[in-house]
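Numbers -16 to 235, taken from the numbering used here, label the letters of the sequence shown in order.
Treat the hints as calculated values from the structure; they're not laboratory data.
None of these values were measured; they are calculated from a predicted model.
What follows is a set of in silico ranges between Cβ atoms, one per label pair, in the way DEER data are often shown: (1) N165 - G21: 18 to 24 Å; (2) D(-7) - N206: 34 to 40 Å; (3) E(-5) - G132: 15 to 21 Å; (4) G65 - G(-4): 29 to 35 Å.
Below are the DSBU-like pairs computed for lysine-lysine, each with C-alpha atoms no more than 30 Å apart in a straight line: (5) K(-11) - K11; (6) K84 - K126; (7) K84 - K232; (8) K14 - K84; (9) K225 - K193; (10) K(-11) - K91; (11) K67 - K14; (12) K28 - K(-11); (13) K126 - K28; (14) K225 - K120; (15) K11 - K84; (16) K193 - K120.
Backbone N, C-alpha and C fix where the C-beta goes; we use that ideal spot for every residue, glycine too.
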Amino acid sequence: YEINLKNSIDLEGIEWTPVVLNDSGKLKGCKVVLNGNGYSIYNMKIESSDKAGLFAGAYSTVMLEINDLTIDRAYVKAYKSGTKTFAAGFVAYIAPSHSVKLTNCILKDSTIESSEYAGGMMAYNSGYSILNNGPVKTYVDFKGCKVIGSTLTAGGSVGGIIGHAGADKFTYNTVDSCVVENTSIKSTATKGIKAGAIVGTANVGEMVIKNSTYNNGVTVESNKTVIIDRCYGRTALDGTGKLEIDGEKITD
-16 YEINLKNSID
-6 LEGIEWTPVV
4 LNDSGKLKGC
14 KVVLNGNGYS
24 IYNMKIESSD
34 KAGLFAGAYS
44 TVMLEINDLT
54 IDRAYVKAYK
64 SGTKTFAAGF
74 VAYIAPSHSV
84 KLTNCILKDS
94 TIESSEYAGG
104 MMAYNSGYSI
114 LNNGPVKTYV
124 DFKGCKVIGS
134 TLTAGGSVGG
144 IIGHAGADKF
154 TYNTVDSCVV
164 ENTSIKSTAT
174 KGIKAGAIVG
184 TANVGEMVIK
194 NSTYNNGVTV
204 ESNKTVIIDR
214 CYGRTALDGT
224 GKLEIDGEKI
234 TD
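Could you put together the complete structure from these sequences and hints?
Following this line, the structure appears as structure tokens:
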């Protein structure tokens, strides 16, 4: 399935319902491609108690690509007390999907809030390693994406590109030639450092970051600590995870 925008869309006054790509019916085993063609979605507003983003999620055999799309002046909030919620500009939650690719996507002048996980592009992703009906290897790629002039806040993990990356060992994330600038990123978690300019938490999967910048007007705060010298909040690699930044391997 391929969708091509032919003009920009203004959602002023409309509550957006996040798109869910379930592994069922005609979507089973399919690839969904959204081509923005350089156009923008303006004033997207979402308030949810679960998963909030242009896409709520993509699951199992469904593959998703988003290309050349800008989300401008969005307000995305996922909140429910005592519950894990997920908020992002583009895709809230992947757990699992064979592949998700975001290329030349831009989040601009937007506000993203979640009681648990938040990210400019994506809040959370995971593969699936239960062997009796798995594993499902999940590949997530961000290429040439930008987060500009935005505010990202979460009660747990939050990152300029992705909040929580690789919650299963069969998850493979790549962030290539991405930019975060003039953006505030804050985690209100009281334990650990869970906010990062690129990724909040790098977990038990693989996370490769290369050729990406985050030093222009970016503020990162977690557990009342200002983070100024690195692009990630915390590692929780637990023996199987991998975090590599411009060829340098980071350990717990």
